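A.B. asks: Going down the list, the sequences are from chains D and W.
Residues 415 to 637 in the working numbering are what the first sequence lists, from first letter to last.
Residues 415 to 637 in the working numbering are what the second sequence lists, from first letter to last.
Just so you know, the hints here were simulated from the structure itself, not pulled from any lab data.
It should be emphasised that the depicted structure is a prediction, and the values quoted were computed from it without experimental measurement.
It cannot be assumed that every hint is accurate.
Chain copies aren't distinguished; within one or between two, either way the pair holds.
Stated by the list, open to error - Only pairs whose alpha carbons sit at most 20 Å apart, straight line, appear in this in silico PhoX-like list of lysine-lysine:
| id | residue 1 | residue 2 |
| --- | --- | --- |
| 1 | 548 | 432 |
| 2 | 544 | 500 |
| 3 | 548 | 474 |
| 4 | 544 | 474 |
| 5 | 580 | 530 |
| 6 | 580 | 432 |
| 7 | 460 | 609 |
| 8 | 474 | 609 |
| 9 | 432 | 530 |
| 10 | 609 | 544 |
| 11 | 609 | 591 |
| 12 | 460 | 530 |
| 13 | 591 | 474 |
| 14 | 544 | 530 |
| 15 | 609 | 580 |
| 16 | 544 | 460 |
| 17 | 500 | 580 |
| 18 | 530 | 591 |
| 19 | 609 | 500 |
| 20 | 499 | 530 |
Number of protein chains: 2
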Amino acid sequence: MSILSQNSEDDKEPVVPKAVISRLSLYLRELQHLIRDDQQTISSSKLGRVLGFTAAQVRKDFAYFGQFGYPGIGYRCEELIGQIKKILGTDRIWPVVLVGCGNMGQALLGYRGFEKQGFHVVAAVDVDPKVIGKQFHGLTVAHIDTLSTIVIQQNVSVAILAVPAKAAHEAAELIVKSGINGILNFAPATLNVPKTVSTVEVDLAMELEQLAFSVYQNQDDSN
Amino acid sequence: MSILSQNSEDDKEPVVPKAVISRLSLYLRELQHLIRDDQQTISSSKLGRVLGFTAAQVRKDFAYFGQFGYPGIGYRCEELIGQIKKILGTDRIWPVVLVGCGNMGQALLGYRGFEKQGFHVVAAVDVDPKVIGKQFHGLTVAHIDTLSTIVIQQNVSVAILAVPAKAAHEAAELIVKSGINGILNFAPATLNVPKTVSTVEVDLAMELEQLAFSVYQNQDDSN
Numbered sequence: 415m416s417i418l419s420q421n422s423e424d425d426k427e428p429v430v431p432k433a434v435i436s437r438l439s440l441y442l443r444e445l446q447h448l449i450r451d452d453q454q455t456i457s458s459s460k461l462g463r464v465l466g467f468t469a470a471q472v473r474k475d476f477a478y479f480g481q482f483g484y485p486g487i488g489y490r491c492e493e494l495i496g497q498i499k500k501i502l503g504t505d506r507i508w509p510v511v512l513v514g515c516g517n518m519g520q521a522l523l524g525y526r527g528f529e530k531q532g533f534h535v536v537a538a539v540d541v542d543p544k545v546i547g548k549q550f551h552g553l554t555v556a557h558i559d560t561l562s563t564i565v566i567q568q569n570v571s572v573a574i575l576a577v578p579a580k581a582a583h584e585a586a587e588l589i590v591k592s593g594i595n596g597i598l599n600f601a602p603a604t605l606n607v608p609k610t611v612s613t614v615e616v617d618l619a620m621e622l623e624q625l626a627f628s629v630y631q632n633q634d635d636s637n
Numbered sequence: 415m416s417i418l419s420q421n422s423e424d425d426k427e428p429v430v431p432k433a434v435i436s437r438l439s440l441y442l443r444e445l446q447h448l449i450r451d452d453q454q455t456i457s458s459s460k461l462g463r464v465l466g467f468t469a470a471q472v473r474k475d476f477a478y479f480g481q482f483g484y485p486g487i488g489y490r491c492e493e494l495i496g497q498i499k500k501i502l503g504t505d506r507i508w509p510v511v512l513v514g515c516g517n518m519g520q521a522l523l524g525y526r527g528f529e530k531q532g533f534h535v536v537a538a539v540d541v542d543p544k545v546i547g548k549q550f551h552g553l554t555v556a557h558i559d560t561l562s563t564i565v566i567q568q569n570v571s572v573a574i575l576a577v578p579a580k581a582a583h584e585a586a587e588l589i590v591k592s593g594i595n596g597i598l599n600f601a602p603a604t605l606n607v608p609k610t611v612s613t614v615e616v617d618l619a620m621e622l623e624q625l626a627f628s629v630y631q632n633q634d635d636s637n
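Chain D extracted, bound-state conformation (with noise of 0.2 Å):
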């Protein structure tokens, strides 16, 4: 769960509300899912309806960018999904780094589902000399202190934060001082950083606190 998912309805400063784009996140996973099962169209309703949205919410949504559908078909689902892509930014290649490579990084190199949504991990850095050198899933594990040339000569301007807490802020420093402008934060820490720099924390346990709640709600439902 991020930040940027929680939208104020009171909030109307942005023009598109941040909860919009988290939505397109879902739409754009739904669309991948249509084709992968060979399905070319789908309706508003339709789309709406597996993911737990009306009708007119989606066709709100996809108003904020232009006009997607056409009468009698609805939307194309190829097209949408690049559409959506186009919006998001991601119809391109983006190069990460990801910074910390103890139990989380690691597993975060083998997540399949970055690549597969064009974030491709082009390197890995930590401070320790345990893993400096080793190889994850193809990347050697280089010192934070070429983080600067990796940026630079890879092109890098995301990079994902998966070091322990303590040593989060001191990481943070570098990465900002690289001339990144995004974390993906995992490290069970709020980060300090310059306002150019944007940041999404993951918390897992926020996921789960979800799911608590809803588990709870259906057992107090049963009694």
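Got chain D sorted already, so can you dock chain W onto it with the hints?
C.D. replies: Chain W only, in chain D's frame:
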């Protein structure tokens, strides 16, 4: 990012919108940070500001559950933490079982954030003879065939699913059969489970997409 955190503004059906529940997790985490920093009280406007919500939004969110603020004081952090945990159902320990002990599973076993929020991973299971019997972070991996016994003996109602996509459906079936009511799904596959079983899908690439959008917008603005 979870399906649960996506709330349709048009969808008036649920009494408490799912987005509110997902914001409760954010409030909770911020209040826990405040307590750690020895701050005993906070106003709705300050609590909102740090998370990017208006004071009205904060008050409206809590109003679903009762009156928690004090005139002239604001919220008492410790007390509000207790209230939120009670609402979420995390005012007690949740025994959790991990299904799948590959890279991701092992990383999750090492993830301190779960324990801190009241989720206690009591067992880990797999089908792979290469990991069964091995110990990670103090837990010995058991065969998935023992899942039902574990669930009964340890009173488990929530599972974390961290298997490869191709194993997800079979594993989910076994989880459901064992009597578990909630699945936190890290497998890159949509699960087909009975309605009585809650699922939260964790798609880490979605977080990266949201970050990419934000970086992309900032780059646009600076051009």
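A.B. asks: Does each hint hold? Answer for all of them.
C.D. replies: Going down the list of hints, with the structure as the test:
1. For the homomeric pair residue 548 and residue 432, neither the shortest alpha-carbon distance inside one copy (39 Å) nor that between copies (43 Å) is at most 20 Å.
2. In this assembly of identical chains, residue 544 and residue 500 lie within 20 Å of each other by CA distance neither inside one copy nor across copies; the values are 41 Å within and 43 Å between.
3. For the homomeric pair residue 548 and residue 474, neither the shortest alpha-carbon distance inside one copy (49 Å) nor that between copies (51 Å) is at most 20 Å.
4. In this assembly of identical chains, residue 544 and residue 474 lie within 20 Å of each other by CA distance neither inside one copy nor across copies; the values are 52 Å within and 50 Å between.
5. Taking the closest pair of Cα atoms, residue 580 and residue 530 come within 20 Å of each other only across two copies (16 Å); inside a single copy the shortest separation is 32 Å, beyond that limit.
6. Within a single copy, residue 580 and residue 432 get their C-alpha atoms no closer than 30 Å, and across copies no closer than 33 Å, so neither meets the 20 Å cut-off.
7. In this assembly of identical chains, residue 460 and residue 609 lie within 20 Å of each other by CA distance solely across copies; the values are 19 Å between and 39 Å within a copy.
8. Proximity of residue 474 and residue 609 under a CA criterion of 20 Å is satisfied in neither setting, with 30 Å inside one chain copy and 28 Å between copies.
9. For the homomeric pair residue 432 and residue 530, neither the shortest alpha-carbon distance inside one copy (23 Å) nor that between copies (28 Å) is at most 20 Å.
10. Taking the shortest Cα distances, residue 609 and residue 544 never come within 20 Å of each other, neither inside one copy (34 Å) nor across copies (46 Å).
11. Taking the shortest alpha-carbon separations for residue 609 and residue 591, only the intra-copy value of 14 Å comes in at or below 20 Å, while the best inter-copy value is 49 Å.
12. Within a single copy, residue 460 and residue 530 get their C-alpha atoms no closer than 25 Å, and across copies no closer than 40 Å, so neither meets the 20 Å cut-off.
13. For the homomeric pair residue 591 and residue 474, neither the shortest alpha-carbon distance inside one copy (40 Å) nor that between copies (40 Å) is at most 20 Å.
14. In this assembly of identical chains, the alpha carbons of residue 544 and residue 530 never lie at most 20 Å apart, being 30 Å within a copy and 28 Å across copies at closest.
15. In the homo-oligomer, the alpha carbons of residue 609 and residue 580 never lie at most 20 Å apart, since the shortest distance is 22 Å inside one protomer and 41 Å across protomers.
16. For the identical chains of this complex, residue 544 and residue 460 are neighbours neither inside a copy (51 Å) nor across copies (43 Å), given an alpha-carbon limit of 20 Å.
17. For the homomeric pair residue 500 and residue 580, neither the shortest alpha-carbon distance inside one copy (37 Å) nor that between copies (30 Å) is at most 20 Å.
18. Taking identical chains as interchangeable, the C-alpha atoms of residue 530 and residue 591 are never at most 20 Å apart, the minima being 29 Å within one chain and 32 Å between chains.
19. Taking identical chains as interchangeable, the C-alpha atoms of residue 609 and residue 500 are never at most 20 Å apart, the minima being 24 Å within one chain and 35 Å between chains.
20. For the identical chains of this complex, residue 499 and residue 530 are intra-copy neighbours only, at 13 Å inside a copy versus 36 Å across copies, given an alpha-carbon limit of 20 Å.
Checked against the numbered hints given earlier, the structure breaks hints 1, 2, 3, 4, 6, 8, 9, 10, 12, 13, 14, 15, 16, 17, 18 and 19 and satisfies all the rest.
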